[in-house]
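S.K.: Residues per chain, in single letters:
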Amino acid sequence: MQSRIRNFSIIAHIDHGKSTLADRLLQFTGALTDREMKEQFLDKMDLEREKGITIKLQPVRLNYKARDGHEYIINLIDTPGHVDFSYEVSRSLASCEGALLVVDATQGIEAQTLANVYMAMDLNLEIIGVVNKIDLPGAEPETVKEEMENVLGIDRNDIVLISAKMGIGIEEVLESIVQHVPAPQGDENGSLQALIFDSYFDPYKGAICYIRVMSGQVSKGEIIRMMSSGKEYEVIEIGVFNPYMTEVQSLKAGEVGYLAAGIKNVADTKVGDTVTSAAAPAVTPLTGYQEVKPVVFCGLYPLENNDFERLREALEKLKLNDASLLYEPETSDALGFGFRCGFLGLLHLEIVKERLEREYNLSLLATAPSVVYKIALTDGSEVLVQNPNHWPSPQRIDRVMEPYVKAVIMVPNDYVGSVMELCQEKRGQFMNLEYLTTHRVMVNYKLPLSEILYDFFDGLKSRTKGYASLDYEISGFEVSDLVKMDIMLNGEIVDALSFIVHKEKAPYRARAIVERLRKIIPRQMYEVVIQAGIGSRIIARESIKAMRKDVLAKCYGGDITRKKKLLEKQKEGKKRMKQIGRIEVPKEAFMSVLNIKD
Amino acid sequence: MAISNREKKAVGVYVHIPFCRKKCYYCDFYSLPDIEASLIDEYCQAVAAEIKMAAGAMDDLFVSTIFLGGGTPSLLSAGQVDTILQQIKASFTVSSDVEITMEANPATIDLPEFEQYLTAGVNRISLGVQSFHDEELQILGRIHKAKDIFDAVEIFHKYGFKNFNLDLIYAIPGQSNKSWETNLHKAIEMEPAHISAYLLQLDPETVMGKRAAAKLLVLADEDTEAEMYDRTVEILTEANFRQYEISNFSVPGYECRHNLSYWRSINYLGFGAGAVSFVNTRRLINVPNVLQYINRIKSGKQPLIKELENMSPRERLADAMVLGLRLVEGINIEEINKRFDADILEEYNQAIQENIKKGLLILKNGQLSLTRKGYFISNQVLCHFIA
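In the order they appear, the protein sequences are chains Y and G. Following my numbering, the residues of the first sequence are numbered contiguously, the last one being 682. Following my numbering, the residues of the second sequence are numbered contiguously, the last one being 1373.
Just chain G, same shape as in the assembly (with noise of 0.2 Å):
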């Protein structure tokens, strides 16, 4: 018997590229830099089969976000991201109003290309900026340059593309407080609907991390990192935007729908080499690996390979609540209630009545959430919460 939309539960949908053209020092992601075309080509092909293969499950799933993430999916052409896109709307039910993001480098934006992207389907782009420095660019390991971006967003501009966020990086080794507020005025500047800011942190096996346990580079101090947050808080709010979670803002209404299913515990599915999944109670993890990845699918067999966690009903409540505590709106309380068949006030009583105390975390209309001295320090309070 068919069920009806209204019935089906929305689902995200991820799909790993790994591939880029070169690794950047600080990122550590899978991916594999400098892959020849025909393997890329295969790797399309295997992610529509494995997209294939699971339609049969779905049936009371509707897709309502896709995010095409990597990697550098720009490295696709328009007839690859078109073959998996297509794939999708056969293989399940998609929402009409979809939002499909795509991740792409300034460097290797073109024009014919993005005009094709957004005819496949395209109507998001999370462009990698980092900086309009080109040094700061370098100590990153990006292969842009600032000119690229100012190309890249005139691209966007003359199409009238209004729906792209820029991904910013902050307290980079040598980076200055001001030059740092001058990165924030150029992306404000280029009027994206978006803007992700992060704080750099590196994980010790990066290129990065390393030279930093050399201390052949000097990262910022935690004051410095702190009053760059401040500041970026203070300087994107004044231009209108608005801050939804720990590192990232946006123009009301162009909030990532996909990432905020993340944090508010929705099911995603991920396709490609590396791509996470989460099914309810489970996180599972397809190989990370191109070559067995392609190999497993021509084989007809199943490309994941571990299961990552399994949560118990209490694992999986404080999983909701460390996730939906990074939002700036924080924790519906009768809704996760209900969810979970929990009472939170009660179950986590003395960790809310604590950090309320501390001026970290607020309890107001039926919502719990960090206050803005929390967001930077939340580690302090979500370790509470997890089971």
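So here's chain Y without its partners, still in its complex pose (with noise of 0.2 Å):
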């Protein structure tokens, strides 16, 4: 019965505590033991409990009998914080008809908070406030229900305090879900429409779609149609999240679930799709969700070149468990085979990497991070370059657009003047400032998204003792002063090394990524000249000396075990680097552009 069931998502910023939500209300319905426990337990991937962020959503099937005496099944998607990850916000906030948003008792509102919040408010969906952390000893939970009052419209009234931590206020929060997340309305004897919002390839049952329940029903056995294709399967397994994954007999309008149906090919699933059956199809398919558009690219190549075939099974696998992913083959003349991959931010581009080597087992090595240019030629075309190796000469280039975003910062008002010098320093226009309370401030920049890609989030957190948040969006494209820097090893230019970079910043930029290539190139059996050049012209200079002592100076019979496994040790290093030329180049060095300080 749908009066029954709710569906919602939890949204907040970064660490202000929706995975430890997510635990209680799991301990409180029962849906685990307390033995079965563990902190953050929706976080599924050693990647995510490593770093203790949420990278995928994850639904949930809840069983809760409410204080009106029946039994509701709650479906809680739990999501990202980061705003690299906000693609999977936004499609689980389509599969539900409520969100809760959390928010730290000792924090406020951050900008992801609001950020989320404007995503759920554009999906018309019920917004529950949550305070967390109120036994924090500098949690103020009245001043940030205030902010929530007049920054969000909340009522303050509404707004439910609790502490998940210590598992104050849980019921509370299932209470207000029950009484104020609408029931899901659709017709469960018309026509099956059930949205796919997350996949992943499973060796042995093929695709596994995670799908929200539109509209009419649908069964094991049932021969299904995928809308974008037209291709048909018969669904072999279906099931709910409670919280493992659990068959049942079929899904209906309104809930929750995933189902498998032998789909080996990796393209036919995609994310945003609507299912129908085959017998009695819907006329037309759900809205599905926008595509998205990566804002930063790089090469991804196997260090080992024989691998690239394995690379590409792996990113088509992958790219059913994370939509956002773009990816076409390239090659480079120093790393040969590989793929230009478009990604969210540099947290995804760094995730996908290691994604790819954890669990597709591959070694790979990434190029320098590009964003995408738009350069108007003197012929009158336009073009748009992500890759520096494609920038086109200087006499064909009439002028350089690139990519700028408009930047959410909110600090508190003491910081306002560390802000405001850091956004000048990255080349940023000053829009406006808001009061959110007599002493939080919203700062708008328009600023170019290369500086905020590099190290402009840490150099947020540092100047303002890590109070400051930041939320983007791309705004469009602005003509700026752009050159493209080649880095020579030996007088050859390595094509991966290759970055564009503002006129200005050109000279200090060269410097700083010379020298630090200098210290990550070990010594090698001959010299190695590093040179950073604009066109023709050189303007750093560094040089390694050859190698010249690499022995064991002793090896005799008690310790010839110790020895070779030095020389093995020695054997892996050399696995980690890439032959360019006659050079053994470590993995670092290619990313080494990113961590230049301006």
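Since the hints were derived computationally from the structure, they do not count as laboratory data. On a predicted model such as this, the values are computed, not experimentally measured, just so you know. Among these hints, one or two may not hold up.
[To be verified] So these bits of chain Y aren't anywhere near chain G, every CB distance computed over 12 Å:
hint: 1; residue: E441
hint: 2; residue: P478
hint: 3; residue: N574
[Stated by the list, open to error] Restraint-style ranges between C-beta atoms, simulated for each label pair:
hint: 4; chain 1: G; residue 1: G1160; chain 2: Y; residue 2: P221; range: 49 to 57 Å
hint: 5; chain 1: G; residue 1: G1127; chain 2: Y; residue 2: K128; range: 50 to 58 Å
hint: 6; chain 1: Y; residue 1: A351; chain 2: G; residue 2: L1290; range: 53 to 61 Å
hint: 7; chain 1: G; residue 1: G1127; chain 2: Y; residue 2: Q663; range: 41 to 49 Å
hint: 8; chain 1: G; residue 1: Q1072; chain 2: Y; residue 2: E388; range: 57 to 65 Å
hint: 9; chain 1: Y; residue 1: K348; chain 2: G; residue 2: R1268; range: 43 to 51 Å
hint: 10; chain 1: G; residue 1: A1199; chain 2: Y; residue 2: G114; range: 53 to 61 Å
hint: 11; chain 1: Y; residue 1: S627; chain 2: G; residue 2: R1268; range: 46 to 54 Å
hint: 12; chain 1: Y; residue 1: P476; chain 2: G; residue 2: G1345; range: 38 to 46 Å
Cβ atoms here follow ideal geometry from the backbone N, Cα and C, with glycine treated the same way.
Hints in hand, dock the two standalone chains.
M.R.: Right under this line is the structure:
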């Protein structure tokens, strides 16, 4: 019965306690025994647990007997907080009727709080305000309530005060969900429309689709049709997450679950697609999702050249579980065959690279990340360039445009000066400044995306003692004075190290990167000369002297085993190197442009 | 049925004497400083007992070299050395021209004892000289002074004892190229049959390793180390020493046969606490603790506690390559192929060709060896051969 179903997502700024609240809800409703419970239960990936962040959305079904005496099925979708993963949030929200907005009682509203709330409002979701961490010494729940009412328009009387860590207020949260989140309204007897909001590849069952049934129902054994491709499959398994994947016979309108239909071809399941019944198909698909546009690109290359095909397969499969990932094959003179990949941000890039390496046992090398530039050529045409090696020759360029973002920075008013100083250094244009409360300020700036990507956030954190939060969205292209910088090793340009830089910052960057490479690249059999140049003009140079010593002076009976281990380690080390011409370059060198502080 | 000596396989015997007066600051071997005489005696008895226990299993072997290493074996009395050597002779077939080396600290050699060592059978001495400069000896934490070296060598000469080695260390913190060359020349003047010249390489757990990490010591840079090595080879070669391994030089015919057997992958048996044995595919280590070692032996238990490695045929080949390439003569292709049923030119084709191209390896007259240029950067070559 749909009137006893509630679907909601938890949204919040990073570290405001989403995953801990999810843990408590699981425990409180008895979905998990205390023995099964572990922290961040819904963060399935090792990577999530190691980094303490949520990367993937994760649905779970709870059974809750409310104070009104009825049993409710509550579907919760836990979502990431970091801006790079907002696509996961938006897809989760589209599967729900309500959103639980968690705000830290010691921090108040932050940049991503706002961004997530706007997303929920656009989808007309019922928003339930929750103030978390009220047990902490610095908690100011009343002030935070006031902020939420003033800035977000949430009635302060409806806001629930909780401490997820201490288990305070959990039942109130569940009651509020039952009372305020609308029940789903789909027609159980209508034709099947189920939204695919996530998927992943299982080696035995094929693609597993996470679905929200909007209308009709779907059962095991039924023939379904993917509305975008028209391809049909028989449902071999259907189930819910309670919290482990558990088979059921059917899913009805309003319900959240998964289905497997022996879909081996990864390209045939698309997040945002509508699943319908082959026998009685729906006339129109659901709205689906907007395609996301990656904002940062880099080349991913297998360290072992013959792993190229394995990398292709890995990308295909990962794409299923990460709809925002884009890729296409490319070649590099230095690195051979690889893929140009697009990401939603640098954290996304880092996570994708690590997932590919861990989940698919690959060793990868990432080239310097780049944004997309729009270049107006002298012949009147325009090109988009996201690989520095496709940069046209200077005489063909009329003007160059780079992507800008509208950045929202929230910060206590004491730090406004430092924030503005940082933004100016990063070529920002001041827009305006709003007071959220008497001492909290929202600073709006227009900034080049490339400046935000690198060390902007670190700079922001350190200059505001961690109090500032940042959110941004792409605003468009603006004309800029940019040049392509090449890096040469022993006179040969290493295409994978080329990058685009603002002309004024070029000399400093050139010196910094050349110095950094000198430190990263170990001494080789021959002298190595590192140069940075724009066109044919060299603007920085360093050299690495030839290696003269690499020896085990002593190797006798008692420690042969130990000495061999040293050689083994050295052999392993060589595997982390990329041979470029005669020079062995460590993987890290290719990302080193990132770590240059301005 | 008795096996004749001709069919028996040569094996080396290593005896570990883990005692010293004071631990040197760069030493990473198992050794106990300043131990009372009664324990040393008990230990020697235990070693003899261990050798006795091993006797039966050794019918098809004969001992061609014996090495008393440490620690400071010259802390042992001639009687204790005799006990151990007699037990080896009683338990195993010992070759008539057996090489018996004893390591000695210059501060521990005196005349009557030295004569008795020779009587006990010792016929080669390896003297831990390290440097002829007292301040360098002090940095290394050595107990002896330069004068002790002259006294010890004088005793050797008095007895007409020729077969001795001088161990030297270079790239000691603060050491100049000139100071090192002086050390070499002084060593040459002493007319040893053998000189080992070792680059100082510190284990992080040693006193000097820790001091270097804390920046209390300034280590020599790579270029200085390489220059010192180059000069070492030049000076010793001029003085008619022949280099036969990365760090070892000798008057022709006076190579250390025991150490050669390590690099030629010949089996060896280690006795004593912390001693390592190499038997066919396995390397095993005795318990590296004197008291536990003695207790085990007393209760009739094997002192072997751990298998360090057990090699597959391929790893065994790699082991032989990595060790054999340390020798100036290198590896005899035909011999190693036959011994390991392999075709190394095929198996390591890429590594061999690449390193020949780089001028680090040379293939000549059926021998594969490092070039002169390759010695001091030999890890760059050897790591390609490791399994």
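S.K.: Now tell me if each hint is right for this structure.
M.R.: A quick look at each hint next to the structure:
no.	hint	in the structure
1	E441	23 Å, holds
2	P478	40 Å, holds
3	N574	15 Å, holds
4	G:G1160 / Y:P221: 49 to 57 Å	56 Å, holds
5	G:G1127 / Y:K128: 50 to 58 Å	55 Å, holds
6	Y:A351 / G:L1290: 53 to 61 Å	60 Å, holds
7	G:G1127 / Y:Q663: 41 to 49 Å	43 Å, holds
8	G:Q1072 / Y:E388: 57 to 65 Å	59 Å, holds
9	Y:K348 / G:R1268: 43 to 51 Å	48 Å, holds
10	G:A1199 / Y:G114: 53 to 61 Å	54 Å, holds
11	Y:S627 / G:R1268: 46 to 54 Å	47 Å, holds
12	Y:P476 / G:G1345: 38 to 46 Å	43 Å, holds
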